[in-house]
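J.: Read off the chains here:
There are 2 protein chains.
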Amino acid sequence: MTSNQLQHSKNSLGQQFFTFAEPPDEMFLESGARLGPVTIAYETYGQLSTSRDNVVLIAHAFSGDSHVAGCLTDDQGEAKPGWWDSMVGPGKGIDTNRYFVICSNILGSCMGSTGPAAINPATGKPYGLDFPVVTIGDMVDAQKTLLDHLEIDSLLAVIGGSVGGMQALEWCVRYPDMVRAAVPLATTMRHSALAIAFNEVARQSIMADPNWCQGDYYGKKTPDLGLAIARMVGHVTYLSDQAMRKKFGRRLQDKKDFSFGFDADFQVESYLRYQGSKFVSRFDANSLLYITKAADYFDLVDKLTTKESIQDLVGASIKFLVISYTSDWLYPTYQSRELVRSLKRTGQDVSFCEIAADCGHDAFLIPDERLSKLIKGFLGGVAHG
Amino acid sequence: MTSNQLQHSKNSLGQQFFTFAEPPDEMFLESGARLGPVTIAYETYGQLSTSRDNVVLIAHAFSGDSHVAGCLTDDQGEAKPGWWDSMVGPGKGIDTNRYFVICSNILGSCMGSTGPAAINPATGKPYGLDFPVVTIGDMVDAQKTLLDHLEIDSLLAVIGGSVGGMQALEWCVRYPDMVRAAVPLATTMRHSALAIAFNEVARQSIMADPNWCQGDYYGKKTPDLGLAIARMVGHVTYLSDQAMRKKFGRRLQDKKDFSFGFDADFQVESYLRYQGSKFVSRFDANSLLYITKAADYFDLVDKLTTKESIQDLVGASIKFLVISYTSDWLYPTYQSRELVRSLKRTGQDVSFCEIAADCGHDAFLIPDERLSKLIKGFLGGVAHG
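Chains A and B, in that order, are what the protein sequence lines are. Numbered by numbering that gives the first Met the number 0, the letters in the first sequence go through residues 0 to 384 in order. Numbered by numbering that gives the first Met the number 0, the letters in the second sequence go through residues 0 to 384 in order.
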């Protein structure tokens, strides 16, 4: 790809697609399985500098996509703002006047990149459960292949929250020499039993839906009820006791008194039902299974704490900005502190900030001037460092 | 009922049944609906004193039953220990050598008392969703009718954890002159948005099961998958991040490595699946809907904080022992503190203890010498006070 093509991607602000690992040269996955061809959907923002040293890779969370900033109009003519538009753009925390921002849809997802809904070349039909289980490491390897294709061999920073934060950390472990700085937000270096438990409930609710059919539902009835419940579980974990009290409390929905029935009496019930039903129109149930499994498998503790494993990282010199939120109970602050301690032991330059916020795990997605300033200052320091 | 019959109930240690509100004299419910006949299953332990002043009423939690202590043998010859056998018995925290203990199955449940699985006299078929929505207040009123029948007009104490704690508090508000002391454990004076959210996910998972059939599944296939997932949600809330780390961490189940599939890789997944599937053999899905709804409706804040409402309680003189657990995130300590402050404002004699425990909401059910001593001392003080 030439810089002219990159120029083009910047101006269009639309999704682009890169396909690699055409059989017989499939991608090797961590499980030992092989996968190909692999398509990665991505978007870029800003301009690549002539010395190619201003690249910021943004890794999205579980249900995100490559459209991180700006406003796209979809096929139905509906405006679709980027999922982190408050953070990414000209003059913003991640300033697209200065940095060349890349965001790609993760492997296993359903937002343009190859996942269980993609066509299996061996059968000509959607993979379903024949799609191999992928890991956070596999997602990062696919991103690395995309960067190779874009002829980018150095990242000014890799930034992501939640599952995106796991990718940021995995980048540092897999390709430490390529990464100058990393900003893992609201994340963990290993998925806890509690986080696994919530994911398992979500998966079971999909797999209990008779329309799921062992994952073979493409072109048929889809497991919407199961997926909606899985999303409801997710939304409970994204909020917090505090956030829910503030946002909903015990306020009733459209009523002055209890229904004494099983309709949604409380606003929090309506909210969850709405979030569940909205999600099924945009997300594939099997992708939820695969991405939650990748998160559950995520565990960098050995790589970040055992002497033999940290050599690569010790050799590197990565600046870290670790950010946690007071009310995040999916990946609580103590887990970020564990991460900070481990990174410091490898000799890295680590800054840590716990942001006081009562909106739970989702806080990193909510417009917050403090966070924008923090990241802007940090990136500026790295760029001039 | 004569004292001779009570004597009998003490010796048998088996479930007894009391039926009242025979049509046309149905029980009036808080919703305005009428219900009858109503059967309440109960068990008693110890001996009623001649002055009838040694009665301790134990209120069970969401999925509990009347069998609080001792060991029963069920129809299949399987030994069934009481759900609080560590606390209730001769010489124990609630000493059946001193106190006459009553525990009844709550209205709406499926452990012997009338609930949605009971026969609707109007149709000759199980109620299903024709069963009226009941409240914690209705459960307490049914208990009151049972006590009237047993000719008991004073409770030395009413004790319960979780939904049982709500009943204990409701007793104090509804019948303050009958209650000398109350021990609400791991509970709240109003169900929070977070607790409602979890209950709503559980209800939706049942209602999404095609076997649920709008609650009309008796004698047909039952909504086992939905009920199992609802129970998994429950178990996540009963534990805690700490408890899960200690109990499971990231330990794998029967394997040395990941399955790279959707089997249960982690012990926490197997645990939840097991708890879910075990529950369906003993609990009715509709009862879960009704009891969670009653908990969601529970809100004594007005009755415990507004000047007009607390008059009855102000006139009374109830000794309270409020107990919370450090790792309970379903009904966190701050909610118990709110309760303590409200009770103190009504002039009650309130003791409060937050017990350090890392096993989450379920802590009150786990044998704990500290709790036994605390309750034993408190009851002794009330009895001699």
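FYI, nobody ran anything at the bench for these hints, they're computed from the structure. All values derive from a computational prediction rather than experimental measurement. Just so you know, even glycine gets a beta-carbon here, dropped at the ideal spot from N, CA and C. Misleading hints may appear alongside valid ones.
[Unchecked claim] Examples of chain B residues toward chain A, derived with CB under 10 Å: (1) Phe16; (2) Phe17; (3) Thr18; (4) Ala20; (5) Met26; (6) Leu28; (7) Pro209; (8) Tyr217; (9) Gly218; (10) Lys219; (11) Thr221; (12) Leu224; (13) Ala242; (14) Lys246; (15) Arg369.
J.: Next step is simple, just say for each hint if it's right about the structure.
T.: Hints, one by one, checked against the model:
Taking 10 Å as the C-beta contact cut-off toward chain A, the hint placing phenylalanine 16(B) at the interface is violated, the least distance being around 27 Å. Contact between phenylalanine 17(B) and chain A, as hinted, is not supported at the beta carbon level, the nearest pair being about 25 Å apart and thus beyond 10 Å. For threonine 18(B), the shortest C-beta to C-beta distance to chain A is roughly 24 Å, which exceeds 10 Å, and the interface hint is violated. Using the Cβ-Cβ criterion of 10 Å, the hint placing alanine 20(B) at the interface with chain A is not satisfied: the shortest such distance is roughly 18 Å.
Restraint check, methionine 26(B) versus chain A: the minimum CB separation of about 15 Å is more than 10 Å; hint violated. Because the smallest distance between the Cβ of leucine 28(B) and any Cβ of chain A comes to about 9 Å, under 10 Å, the interface hint for this residue holds. A hinted interface residue such as proline 209(B) counts as satisfied when its beta carbon comes closer than 10 Å to some beta carbon of chain A; here the least separation is about 6 Å, so the hint holds. The beta carbon of tyrosine 217(B) is not positioned within 10 Å of any beta carbon in chain A (closest approach about 17 Å), and the interface hint is therefore violated.
The beta carbon of glycine 218(B) is not positioned within 10 Å of any beta carbon in chain A (closest approach about 21 Å), and the interface hint is therefore violated. For lysine 219(B), the interface hint is violated, the least distance from its beta-carbon to any beta-carbon of chain A being 15 Å, above 10 Å. Hint status for threonine 221(B) relative to chain A: violated, with the closest Cβ pair at about 13 Å, above 10 Å. Restraint check, leucine 224(B) versus chain A: the minimum CB separation of about 4 Å is within 10 Å; hint holds.
Given hint, alanine 242(B) at the interface with chain A, holds; its Cβ is 9 Å from that chain's nearest Cβ, closer than 10 Å. Taking 10 Å as the C-beta contact cut-off toward chain A, the hint placing lysine 246(B) at the interface holds, the least distance being around 7 Å. Taking 10 Å as the C-beta cut-off, the interface hint given for arginine 369(B) is violated, the closest approach to chain A being about 25 Å.
Checked against the numbered hints above, the structure violates hints 1, 2, 3, 4, 5, 8, 9, 10, 11, 15; every other hint is satisfied.
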